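Participant: Here is what each chain is made of, one letter per residue.
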Amino acid sequence: MSGVVVALVPAPRAAPPAPVRRTARGLGERLAPYAYIAPFFVLFGIFGLFPFAFTFYVALFDWNPIGDQVFIGVDNFTRMFADPRFWNAARNTVSIWFLSTVPQLSLALVLAHVLNHARLRFALFFRMSVLVPYVTSVAATAIVFAQLFDRDYGMLNWLLGLVGVAPVDFVQSTAGSHVLIATMVTWRWFGYTTLLYLASLQAVPLAVYEAAAIDGAGPWQRFRHITIPSLRPVIIFTVVTSTIGGLQIFTEPLLIATGAPLTCGAVRQCQTLTLFLYEQGFGEFEFGYGSAVGVALFAMVVVIAAVNYLLAGRIRADR
Amino acid sequence: MTAAAPRVRGHGRVRWWTYALLAAAAVVCLFPLYWMFVVATNDTATATRMPPAVVPGGNFLHLLGLVLDTVPFVRALLNSLFVAAAIGAGQAVLCAVAGFAFAKLSFPGRNTLFLVVVLTMTVPTQLAVIPQYMIMSWLGWVDTLQALVVPGLASAFGIFWMRQHITATIDDELVQAATIDGASTWQVFWRVAFPIVRPAALVLGLFGFVTAWNDFLWPFIVLKTPERYTAQIAIKALQNSYDVDLGLAMSGSFLATAPLVVLFVLVGRRMVAGILDGAFKG
Amino acid sequence: MWSSGREFPISACPKTLEKPVTFRVPLLLVVGALALSAACTPGTGGGGGGDGRSFEFWSFAAINQKVSVDAYHGKHPDVQVKLTEVGTSTETAQALTTALAGGKVPDLVLIQGDNLPKFVQQPQNFVDLRTLGADDVKGDYLDWVMKQSIAKDGEVLGMPTDVGGMAIAYRTDLFAAAGLPTDPAAASALWPSWDAFIETGKRYKQATGKAFLDNAATSVFYQAVNQVSEKYYDDARNLVYDRNPQVRAAFDLGVKAATAGITAGQSSFETAWSAGLAQGQYAAVAAPSWMLNTIRSTAPDTKGKWAIAKIPGGAGNWGGSYLAIPKRAKNPQAAWDYIKEMQSPQGQLEHFTRVGALPSTPSVYQDDKLASSKDPFFSDAPTGKIYTDSLLGLKPFYIGPDSATIGQEFLNAITNVEQSGGDPATAWDDAVRNIKTAIGG
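Residue numbers (full-length UniProt numbering), protein chains in the order written: chain U, 1 to 319; chain B, 1 to 282; chain C, 1 to 441.
No lab work stands behind these hints: they were computed from the structure.
Nothing here was measured: the structure is a model prediction, and the numbers come from that model.
Treat the hints loosely; a few may be bogus.
Covered by chain B, according to a simulated footprint, are these stretches of chain U (three or more residues, beta-carbon under 8 angstroms) [unchecked claim]: (1) 129-135; (2) 198-211.
For the chain C half of the interface with chain U, some residues (derived, Cβ under 10 angstroms), not all of them [as the list claims (entries may be wrong)]: (3) S193; (4) Q266; (5) S267; (6) D375; (7) P376; (8) N434; (9) A438.
Here are some of the chain B residues that sit facing chain U, going by a computed Cβ distance under 10 angstroms [what the hints assert, rightly or not]: (10) A23; (11) F31; (12) W35; (13) V55; (14) N59; (15) H62; (16) L77; (17) A98; (18) F100; (19) M134; (20) S137; (21) W186; (22) F189; (23) V272.
Idealized CB from N, CA, C, for every residue including glycine.
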């Protein structure tokens, strides 16, 4: 995921020439730099790279963790491509991603624009407020929102009832559950995205806005012609991170349908791909099949990263 | 636009609707936390009553007792604190050291190794939870807290970030002078470099702390007995105990969230600054 | 791996933070936290320590194993039993599987009957209880219950703790308000068959405008499908779920109840279901014997407002669990001592008097403590007689490794019709297709 960061930020500058002279150093001093960076390589090798590579291996087996492991070649993959549950999870994931990304980014754009106001009072309070959801855990968020959106006891349905709308079942219906999950994701991330946009906007010299205002540009025109263009790289960055984050949505669907958590409801109406992976791996204990789903998710990340790389390249060329 | 065109100076006057919009956003961000507190302090009947109760009640201690009866929640909070603090502090120190090595020390293979660090960020290791679980079981670490802490210490992005920071803030002359005075590289790092980049390392550690505190999927997979639960998994356990009280999971959520809110009030400014200090300036 | 979602929020290439900040407060917090947590982290997992007499026990929630454990501890004060209520029965089985696959295992674990076959297929993971003396007591238990936990080479993997027995729990006050009879015998007479039960629901709905039943999926389908002589497998252990007319009939009953407008559409054990139970949002709920404890603890304020009537349809069993000892258990003998004492006919009888779960040891069915037992929470209903009667004439069916999955998919299909607007006409075909996908058949 953080890989996409790399594609967008400027390449690291070449390190400055080594200031430390070689001569007077003993063996210990010469090895010291390796000792400083070794912990990362050891930890990443054991807990990151090896399991990642091992996923591809396990995916070729019918792997029962308390029974036998049988090599079956690509059977897990053929099964997956024919599995309606996989495609259902893929559809749900895309739908939830769309429903959460679009409002999240639009809201963040507008808020960043107004937060960038030079004379805004209480700016720190507003900036901190929008970051509060980020420090709230996904689990707590899911519990609270499930309660607010409950069919029978939720405040939202009570409010809808006041204006004559029949109660909406935000868990058992497909559309409702997607809206509920997308709302949680949006709530959690829009403030953080706002601050990312704001960071970028603050680099735009105030004089640009001033000049535009003097030339008679209203707030909308300033937003349209200054804010949005200067944010284009970071917008693409956030689209990509929210897409890859969207592929990994897990906790929200797990926690909202308490009757059937691993499928997120009776008809898998809100089961995401990562939840499907978990269900197969740690609900059904089909480690091989679950790993195949992991490989599929990886393939999607690669595709998204590639698209991102192309887009980022085009943007750099445009400049 | 109905408002009379203001006589603009600078960026113009802040209009009322700007505040209205921001206030609405603040309410949206803060209300769910407030509501959590309301339900966590009321009994089930009040929590499910329509129209809903909107003020905190006096039932908190009763629910707290139920929470503690159901899962060892104090234990869970301590576990979370331990895991998050260890990861936050560990990441800050390890990334600062490694970032320093990449920024200020010269050694064969440095650039290649740094490239490797950057490339590791492209590996979505989260999708490999099944083999990761298998490794933990080989190590005998299933259902232990080190299964969370040890893998969490490695942060490629943290190294990248600290390297950039150290490159930008510490003059080579400073390092050189210290070396000429006979300091070892460790002394240069610890006495010269680290004090300068400590604010950055601590912001890094803060984000590591928050992320670790709120993590769910991985702890959910490896933690099996209640004495090992982190606060997030304890919330899930409360949700499972379906035969008790509607406000129970909410009380747990409140307990698990309150420490972070307190932390955020104390140091949230630095986190905001950390994000605003980001890459997308020009 | 370490964060689900976006990993690190700060972007690269920072400039210096503007102000030099001292981080004394957070630093102190961190140091304090580390010290505190380290001081409080015990070396081992607590109970189940090394004395060989104490042990660790995993159970599921809401069935009150705690009273048994407390009773045992009362008789043997030197034995510490560390009871963990893992979650639902399914979650307990999942936690057990992960533990068997490479974690720390408990000494004793409760496994729900539907989850048992998958473990029986892998007997190498459990202590063969014959080595501890299971052969001596095997005959105490209902034969068809005992059979389920015997592996292919005769290994005994678990001892039965209880059987379901089935009944309907209903609210007398709500029945009275709807003009329905409140006496258990009269109420039972309302529904000799499931069709009559659904008709009663319609009467109730007409009189009150409120839901009669919590849901159709569990309270109708899951009951009816456990009153069959062959379920998802035939006696030769072949899968027949898709062509067994008895299963189809039970499914159609479920769909009929789901579309009759008589249910509250609240899935069993969900939060809203619990709240609905406490608030009387529905008047009746299927009550296998172990459900009595759930009702008691979920809705304590409704004491005395419930009564128990006969289940429509006929004899059947839903649920019932087993106690097993994982192979790597540290204290197998201590766990077996517990099984032997608490699951003996007398032990199960005492557990019945405390909790209401029906014993799996038929020798006590005639015991006065059971046969004439009355439960004050349920208007002094003769629970012992009702539940033992519900087992009379039961023809046991084979439960196979995929039974749990098949049952869940059927349940899901009915829930879909009931709560998500699924098409009742295609529900059966959908369910069968989903089952084929799930079990790979």
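Participant: State for each hint whether it applies.
Facilitator: Against the structure, the hints:
| no. | hint | result |
| --- | --- | --- |
| 1 | 129-135 | holds (count 7) |
| 2 | 198-211 | holds (count 8) |
| 3 | S193 | 27 angstroms, violated |
| 4 | Q266 | 8 angstroms, holds |
| 5 | S267 | 4 angstroms, holds |
| 6 | D375 | 27 angstroms, violated |
| 7 | P376 | 30 angstroms, violated |
| 8 | N434 | 8 angstroms, holds |
| 9 | A438 | 8 angstroms, holds |
| 10 | A23 | 8 angstroms, holds |
| 11 | F31 | 9 angstroms, holds |
| 12 | W35 | 6 angstroms, holds |
| 13 | V55 | 14 angstroms, violated |
| 14 | N59 | 16 angstroms, violated |
| 15 | H62 | 18 angstroms, violated |
| 16 | L77 | 12 angstroms, violated |
| 17 | A98 | 5 angstroms, holds |
| 18 | F100 | 7 angstroms, holds |
| 19 | M134 | 7 angstroms, holds |
| 20 | S137 | 8 angstroms, holds |
| 21 | W186 | 7 angstroms, holds |
| 22 | F189 | 8 angstroms, holds |
| 23 | V272 | 5 angstroms, holds |
Consistency note: the structure conflicts with the earlier hints numbered 3, 6, 7, 13, 14, 15 and 16.
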